[in-house]
Amino acid sequence: GENVEQHPSTLSVQEGDSAVIKCTYSDSASNYFPWYKQELGKGPQLIIDIRSNVGEKKDQRIAVTLNKTAKHFSLHITETQPEDSAVYFCAAPLWGGFKTIFGAGTRLFVKA
Amino acid sequence: TAGITQAPTSQILAAGRSMTLRCTQDMRHNAMYWYRQDLGLGLRLIHYSNTAGTTGKGEVPDGYSVSRANTDDFPLTLASAVPSQTSVYFCASSVDPYNEQFFGPGTRLTVL
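Quick mapping for you: the protein sequence lines, in order, are chains U and P. So the first sequence is numbered by my numbering: it starts at 1011 and just counts up by one. So the second sequence is numbered by my numbering: it starts at 6 and just counts up by one.
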């Protein structure tokens, strides 16, 4: 079936360094790629998303890149801060349906 | 605006008992979703509804049922709970599958 693979499962960085999380999807018809951040005890919250008609999108310290040919997209966080510590999920909705497939998540630790 | 609410916050349930998890949104979103979140497995879609009166099966629908009598409410029912249904359950809503999903705070369910 269709799936979304996310790597790494855990990432530890020093404050101020960059963090990169990668996802690969299988449904070539997918055209919307969101990233969610989940803090402890809370529901996931959208931090950035990208559509298939662009290759990169930035919002302050966060950026997402998309390679439709290779079917992968990545989250880039620059100048990481302790409050960036959380679990991050990528996702891709299957075209033509309402099924959104989430990656397994990446737990990011930012050490002060 | 409350956004999306879930009840109860947590529940301990004896195996074989039934239970309904409640979800209400006030954003007039057409689409609603139920996910379960287990450690290391990310978010898995249980059921979805693309509009009032219609529902569909997600990745892991067995043992669960849903209804969508109106736009705002999307209850999830476990007819006869089993220990493998111990999980954190999140309800979400969106305008459509290709836009941001707004998540509730979750319900932590333990089946003994």
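Hints are computed from structural coordinates only; laboratory data are not their basis. Please note that a few of the clues may not be correct.
Capping the alpha-carbon separation at 25 Å, the derived lysine to any residue pairs in SDA-like fashion look like this [as the list claims (entries may be wrong)]:
1. Lys1109(U) with Leu117(P)
2. Lys1109(U) with Thr82(P)
3. Lys1052(U) with Thr59(P)
4. Lys1052(U) with Asp78(P)
5. Lys1032(U) with Thr29(P)
6. Lys1047(U) with Thr14(P)
7. Lys1052(U) with Glu105(P)
8. Lys1032(U) with His1086(U)
Restraint ranges, calculated between C-beta atoms of paired labels, are given here [unchecked claim]:
9. Lys1121(U) with Asp67(P): 20 to 28 Å
10. Asn104(P) with Gln1070(U): 18 to 26 Å
11. Ala1080(U) with Thr115(P): 35 to 43 Å
12. Pro13(P) with Pro1092(U): 30 to 38 Å
13. Ser1036(U) with Ser70(P): 37 to 45 Å
14. Asp31(P) with Lys1052(U): 46 to 54 Å
15. Gln1055(U) with Arg33(P): 15 to 23 Å
16. Ser15(P) with Pro1092(U): 23 to 31 Å
17. Ala84(P) with Glu1089(U): 22 to 30 Å
18. Ser1036(U) with Arg33(P): 28 to 36 Å
19. Gly58(P) with Val1064(U): 33 to 41 Å
The C-beta atom is built at its ideal place from N, Cα and C for all residues, glycine as well.
We went through each hint and held it up to the structure:
1. Proposed proximity of Lys1109(U) and Leu117(P) is contradicted: the alpha carbons are some 30 Å apart, above 25 Å.
2. The straight-line distance between the Cα atoms of Lys1109(U) and Thr82(P) is roughly 20 Å, inside the 25 Å bound, and the hint therefore holds.
3. At most 25 Å may separate the alpha-carbon atoms for a hinted pair to count; Lys1052(U) and Thr59(P) exceed this at roughly 28 Å.
4. Restraint check for Lys1052(U) and Asp78(P): the C-alpha separation of about 20 Å stays at or below 25 Å, so the hint holds.
5. Proximity of Lys1032(U) to Thr29(P) is assessed by CA-CA distance (about 33 Å); at most 25 Å being required, the pair is judged violated.
6. With a CA separation close to 20 Å, the supplied pair Lys1047(U) and Thr14(P) stays within the 25 Å bound.
7. Simply put, Lys1052(U) and Glu105(P) have alpha-carbon atoms about 17 Å apart, close enough for the 25 Å limit, and the pair holds.
8. For the proposed pair Lys1032(U) and His1086(U), the alpha carbon gap of about 9 Å is at most 25 Å, so the pair holds.
9. Between Lys1121(U) and Asp67(P) the beta carbons are some 42 Å apart, a value that contradicts the proposed interval 20 to 28 Å.
10. Range check, Asn104(P) to Gln1070(U): Cβ separation about 21 Å, and the 18 to 26 Å hint holds.
11. Between Ala1080(U) and Thr115(P) the beta carbons are some 42 Å apart, a value that agrees with the proposed interval 35 to 43 Å.
12. One distance hint, 30 to 38 Å for the beta-carbon pair Pro13(P) and Pro1092(U), holds here, with the actual separation near 32 Å.
13. The hinted window of 37 to 45 Å between Ser1036(U) and Ser70(P) is violated, with their beta carbons roughly 29 Å apart.
14. Checked against the hint of 46 to 54 Å, the C-beta distance between Asp31(P) and Lys1052(U) comes to roughly 19 Å, which is inconsistent with it.
15. Separated by about 20 Å at the C-beta atoms, Gln1055(U) and Arg33(P) satisfy the suggested range of 15 to 23 Å.
16. Remark: the range hint 23 to 31 Å for Ser15(P) to Pro1092(U) is upheld by a beta-carbon distance near 28 Å.
17. Look at Ala84(P) against Glu1089(U): about 50 Å separates their beta carbons, and that is not inside 22 to 30 Å.
18. Here the CB-CB span from Ser1036(U) to Arg33(P) is close to 33 Å, well matched to the stated 28 to 36 Å.
19. In this structure the hint that Gly58(P) and Val1064(U) lie 33 to 41 Å apart at CB holds, the actual value being about 35 Å.
Of the numbered hints given earlier, the model fails hints 1, 3, 5, 9, 13, 14 and 17; all others are met.
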